[in-house]
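Visitor: Could you build the full structure based on these sequences and the hints that come with them?
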Amino acid sequence: MAHRGARRRPPARRARAAAPGQSQVAQAIERLGSNDRAEVRGAIESLGLLGDPSAVTPIVERVRRGLPQDVLDAALDALTVLGRPEAGALFIELLGHRRPAVRLKAVQGIVACRPRGGDRALADALADSDGLVRAAAAQGLGELGGTAAMDALFHAFERRVENAAAAIGHLARPEDVERFLGYIGQVPFDVLGPALLGMLGRGDLAERARLSIVHRLSELATPEVRLLLEQYVAALPETDRSETRRAAEDAIRRIGP
Amino acid sequence: MRYALALFLIACGGGQTLSLTFPDNRADDLRAVMTRLAASESSDAPVAIGISEDRLIAYDLRAQQRLWEQTIEAPQTAPYIAGELVILHEGARVVGRRMSDGGIAFAAGADNLLLVGAAGDGATAAFVLSTTGGAGARSRVHLVRGGGLGARFDFDSAVGVPDVRAGLVFVPWGNQNLTVIDAAQGAEIARLRYLDGVVGHARATNDGLYFGQRGVGRMSDTISPEAVGWFQPDTAGLPGRPELWRSAYEPPPGPSSAVHSIRIAWAPGSEVRPDLLYATFYKFVFGLSPEDLSVRWAYMHPADIVGAEAHRDGVVLADREGGLFALDASGRMQWSAELGAQVSAVALRIEGFSPTGAGGPELPSLPDQLLALVQSTDARLVPGRAFAARALAALEDPAVTEHIIVLCDDGSLPADVRRAACDALGNRQLGSDAILSALRRHHSFLEGTSAPPVGALATAAARANERRAVPLLVAHLRDPDTAAADLEPLATALGALGEGSAIDPLEDFLWLYHCDGDEEPFARALGAIARALVALAGPRGRETVQSVIDAPFTSTAARAQMTAAIAEPQRGE
Numbered sequence: 017m018a019h020r021g022a023r024r025r026p027p028a029r030r031a032r033a034a035a036p037g038q039s040q041v042a043q044a045i046e047r048l049g050s051n052d053r054a055e056v057r058g059a060i061e062s063l064g065l066l067g068d069p070s071a072v073t074p075i076v077e078r079v080r081r082g083l084p085q086d087v088l089d090a091a092l093d094a095l096t097v098l099g100r101p102e103a104g105a106l107f108i109e110l111l112g113h114r115r116p117a118v119r120l121k122a123v124q125g126i127v128a129c130r131p132r133g134g135d136r137a138l139a140d141a142l143a144d145s146d147g148l149v150r151a152a153a154a155q156g157l158g159e160l161g162g163t164a165a166m167d168a169l170f171h172a173f174e175r176r177v178e179n180a181a182a183a184i185g186h187l188a189r190p191e192d193v194e195r196f197l198g199y200i201g202q203v204p205f206d207v208l209g210p211a212l213l214g215m216l217g218r219g220d221l222a223e224r225a226r227l228s229i230v231h232r233l234s235e236l237a238t239p240e241v242r243l244l245l246e247q248y249v250a251a252l253p254e255t256d257r258s259e260t261r262r263a264a265e266d267a268i269r270r271i272g273p
Numbered sequence: 012m013r014y015a016l017a018l019f020l021i022a023c024g025g026g027q028t029l030s031l032t033f034p035d036n037r038a039d040d041l042r043a044v045m046t047r048l049a050a051s052e053s054s055d056a057p058v059a060i061g062i063s064e065d066r067l068i069a070y071d072l073r074a075q076q077r078l079w080e081q082t083i084e085a086p087q088t089a090p091y092i093a094g095e096l097v098i099l100h101e102g103a104r105v106v107g108r109r110m111s112d113g114g115i116a117f118a119a120g121a122d123n124l125l126l127v128g129a130a131g132d133g134a135t136a137a138f139v140l141s142t143t144g145g146a147g148a149r150s151r152v153h154l155v156r157g158g159g160l161g162a163r164f165d166f167d168s169a170v171g172v173p174d175v176r177a178g179l180v181f182v183p184w185g186n187q188n189l190t191v192i193d194a195a196q197g198a199e200i201a202r203l204r205y206l207d208g209v210v211g212h213a214r215a216t217n218d219g220l221y222f223g224q225r226g227v228g229r230m231s232d233t234i235s236p237e238a239v240g241w242f243q244p245d246t247a248g249l250p251g252r253p254e255l256w257r258s259a260y261e262p263p264p265g266p267s268s269a270v271h272s273i274r275i276a277w278a279p280g281s282e283v284r285p286d287l288l289y290a291t292f293y294k295f296v297f298g299l300s301p302e303d304l305s306v307r308w309a310y311m312h313p314a315d316i317v318g319a320e321a322h323r324d325g326v327v328l329a330d331r332e333g334g335l336f337a338l339d340a341s342g343r344m345q346w347s348a349e350l351g352a353q354v355s356a357v358a359l360r361i362e363g364f365s366p367t368g369a370g371g372p373e374l375p376s377l378p379d380q381l382l383a384l385v386q387s388t389d390a391r392l393v394p395g396r397a398f399a400a401r402a403l404a405a406l407e408d409p410a411v412t413e414h415i416i417v418l419c420d421d422g423s424l425p426a427d428v429r430r431a432a433c434d435a436l437g438n439r440q441l442g443s444d445a446i447l448s449a450l451r452r453h454h455s456f457l458e459g460t461s462a463p464p465v466g467a468l469a470t471a472a473a474r475a476n477e478r479r480a481v482p483l484l485v486a487h488l489r490d491p492d493t494a495a496a497d498l499e500p501l502a503t504a505l506g507a508l509g510e511g512s513a514i515d516p517l518e519d520f521l522w523l524y525h526c527d528g529d530e531e532p533f534a535r536a537l538g539a540i541a542r543a544l545v546a547l548a549g550p551r552g553r554e555t556v557q558s559v560i561d562a563p564f565t566s567t568a569a570r571a572q573m574t575a576a577i578a579e580p581q582r583g584e
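Here the protein sequences line up with chains W and F, keeping their order.
Per our numbering, residue 17 is the first one in the first sequence, and the count goes up by one each step.
Per our numbering, residue 12 is the first one in the second sequence, and the count goes up by one each step.
Simulated from the structure, these hints should not be mistaken for laboratory data.
Be aware that a few hints might be false.
[To be verified] Residues of chain W clear of chain F, computed beta-carbon distances all greater than 12 Å:
1) G112
2) R132
3) D140
4) R189
5) E194
6) G201
7) P204
8) R224
9) P253
[What the hints assert, rightly or not] Derived CB-CB ranges, DEER-like:
10) F:D444 to W:R115: 49 to 57 Å
11) F:A578 to W:Q43: 33 to 41 Å
12) W:G133 to F:Q557: 44 to 52 Å
13) W:G217 to F:G459: 32 to 40 Å
14) F:G459 to W:G58: 41 to 49 Å
15) F:S512 to W:E194: 42 to 50 Å
16) F:T460 to W:E194: 23 to 31 Å
17) W:G133 to F:T460: 17 to 25 Å
18) W:G217 to F:T460: 54 to 62 Å
19) W:E265 to F:A494: 54 to 62 Å
20) W:E178 to F:A578: 31 to 39 Å
21) W:P116 to F:P313: 55 to 63 Å
22) F:D444 to W:E194: 53 to 61 Å
23) W:G217 to F:G442: 55 to 63 Å
[Unchecked claim] Chain F stretches covered by chain W per the calculated footprint, using a threshold of three residues with CB under 8 Å from any CB of chain W:
24) 481–493
25) 520–532
Beta carbons are placed, not taken as given, at the ideal position from N, Cα and C, and that holds for glycine.
Guide: Structural data, given as structure tokens:
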């Protein structure tokens, strides 16, 4: 980890202004250096509640000096609430923490802070040995919108990483849609369905890609396909007159009851 | 007459006792025995005698045909081949059956004693009944001539496993003595006393008389370890810890005892020491160098071995399914036959038997032979598999390294087998390429890869002074999938390799986890990291470690380990 020289320094006194909020922040930062575990934890929780961005760096430094598990958990929660990119490097480092619960919080922290390189870090976390961390990383990639990680997501999907399909559904570009449709027949439909529904519902996805989904599904013509298309149509506004809607309604009629 | 006078006839039960004053190790007596043995020739046919719960089966090895099958009741021991007889402890009796047809030649009450052993040569035989044990033991030696009971000798001590040849009965007793009785005279004619090893068994051949238990010597006209060519291998590392001969002064194994599957078969070489030892362990047979017990070949049989007898050029074995087979001295299958019934133990007499045949297929390389044993899946064989893993690791062939890394890495292997491979890996002089290549691998769910055996590889890297391993080791230090038990050797290796680039990662680790060292392996790892820091960074490292020790939330166990670490003097300090 970086900032080695800062370790042995007491947390900086940052609050000089007279504003009441800033004074509370300054006092809480001061208490981060306490030898009392409850006091440190209380200070961290206060800083999270106060929401002052100036608390991020002192908390990060305190985490790097090592904390007992419960206090570390509180610190990561506070940094996630604060959601500042300054905490991003710490969260990325903590993806290698020995405790899976810490790695899970690190994933959530990255999603909240959106630091530079966060998508690459989450793509790496898809290979984590802990299933919850992998699932959170997949979900996080979907939320971050990191299409650079699409190959990793497909790889994770093939390895049955939870949430990978949903993330693909959230991020897929037209070429990704075609790739995803290639899994029809190879992967159980209940795994593919939610992602396909997500793709169909995305207004930002080119109509030709959505039409491609409907055409491919209509070839299957199974009750599951009919149900999925019905869900898609039901969720559309009545005013929707898109070609995809018409194709879906045609497919529903062809499949029959 | 001189010898007959040496014996006291006692009234108690009609048995004779040995003279307390019979001279030990008299050269003339011993020479006379050796002369008679050298002139001897056995006319007994090679046979196999198999036993099951209720059957005794005799098989002629030369003719390759069954001689007979007899029903038995409550067998207490494995059968003993005794010249023209087969002797077995059945229920409360000792029963001698004729080798020719299996009919009962004699039956004698065992009087609550155990049948320790029996032997014979032609029409002369002897068997030993004993309480076994040490103080307070009592024993009887019965001579058998022409199928009928003859003279009896009573001992106020434990008696071991006898042999018979050239009309002489060789009786080990009291751990250090061996009496030679002339069967025709019914008198002791020589006594050997050996104080440098246990004497529990006798084996008479026309090469001489071999005696011993954990070790073996050959009678000479002077008795000393050098003169008898005493050979005693350290067999404690073999699976099941068999000795050259089983302990003769303990109760004999039952007919279904594992002792029949876990043993050493050997034949004396020209200078006593065998040319090869054959260690069996259930389905495994190892051909072992007598010098250091290194494995020359390893063979896995489809069924448990329950009998083995070695000759100068190989070994004849019997299996639980009734199979008989011979391996030559290179471990290659030479001959096989079928007893025709399942058995729990088989006694073999192979003098004069020369197994011949088309021979089995060429053997794979020794590493492949051993690997096959290590990877067998029979749970009973774990000690044998671990032994094979250690034997594999002892091979200097660089190609073996890959095998050992794979074994050390294989989480599906039993812990003992895997530990043997990992220990061997840590002790092995590995090629740099193998170390670096293995260390590059990390656990990845997506790639389906697992973490390599980091601890053993780190130790090997340090031994090879392979500094290129440092960044790879640092990557494993940061990898959450590195096992806690591997962190200690990893840190030790980083300290030993002396690369300053490891200082910062070690510091980071210490700070980040110093509150988490409640578990012992992890606390030890933190101690090792502290030691490495001091080794690499000198006073600065010591200052860092002291700061961590003084930090408010450092775990008690980690604090103790780190305090101990900085208390140790460092090189150059």
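Visitor: Taking beta carbons only, do three or more residues of the segment 481–493 of chain F come closer than 8 Å to chain W?
Guide: Holds, because 4 residues of the segment 481–493 of chain F bring their Cβ atoms closer than 8 Å to Cβ atoms of chain W.
Visitor: Decide, holds or violated, for the assertion that all CB atoms of chain F are farther than 12 Å from the CB of W:P204.
Guide: 20 Å, holds
Visitor: Would you say W:P253 is clear of chain F, with no C-beta pair closer than or equal to 12 Å?
Guide: 39 Å, holds
Visitor: If you check the beta carbons of W:G217 and F:G442, does the distance land in 55 to 63 Å?
Guide: The hinted range 55 to 63 Å holds for W:G217 and F:G442, with Cβ atoms some 57 Å apart.
Visitor: May I ask you to test the hint 32 to 40 Å on the CB atoms belonging to W:G217 and F:G459?
Guide: The hinted range 32 to 40 Å holds for W:G217 and F:G459, with Cβ atoms some 34 Å apart.
Visitor: Using the C-beta atoms of W:G133 and F:T460, is the stated range 17 to 25 Å upheld?
Guide: Cβ of W:G133 to Cβ of F:T460: about 24 Å, so the range 17 to 25 Å holds.
Visitor: Hint says 31 to 39 Å; check whether the CB-CB distance for W:E178 and F:A578 agrees.
Guide: Between W:E178 and F:A578, where Cβ atoms are some 49 Å apart, the hint is violated.
Visitor: Cβ-Cβ distance between F:A578 and W:Q43: within 33 to 41 Å?
Guide: 40 Å, holds
Visitor: Is it the case that W:G112 keeps its Cβ farther than 12 Å from each residue Cβ in chain F?
Guide: The claim is violated: W:G112 sits with its nearest Cβ about 5 Å from chain F, within 12 Å.
Visitor: May I ask you to test the hint 23 to 31 Å on the CB atoms belonging to F:T460 and W:E194?
Guide: 30 Å, holds
Visitor: Honestly, do W:G217 and F:T460 meet the 54 to 62 Å range at C-beta?
Guide: Because 37 Å falls outside the window, the suggested range is violated.
Visitor: At a Cβ distance under 8 Å, does chain W reach at least three residues of the segment 520–532 of chain F?
Guide: holds (count 6)
When each numbered hint is compared with the structure, violations occur for hints 1, 3, 10, 12, 18, 20, 21, 22.
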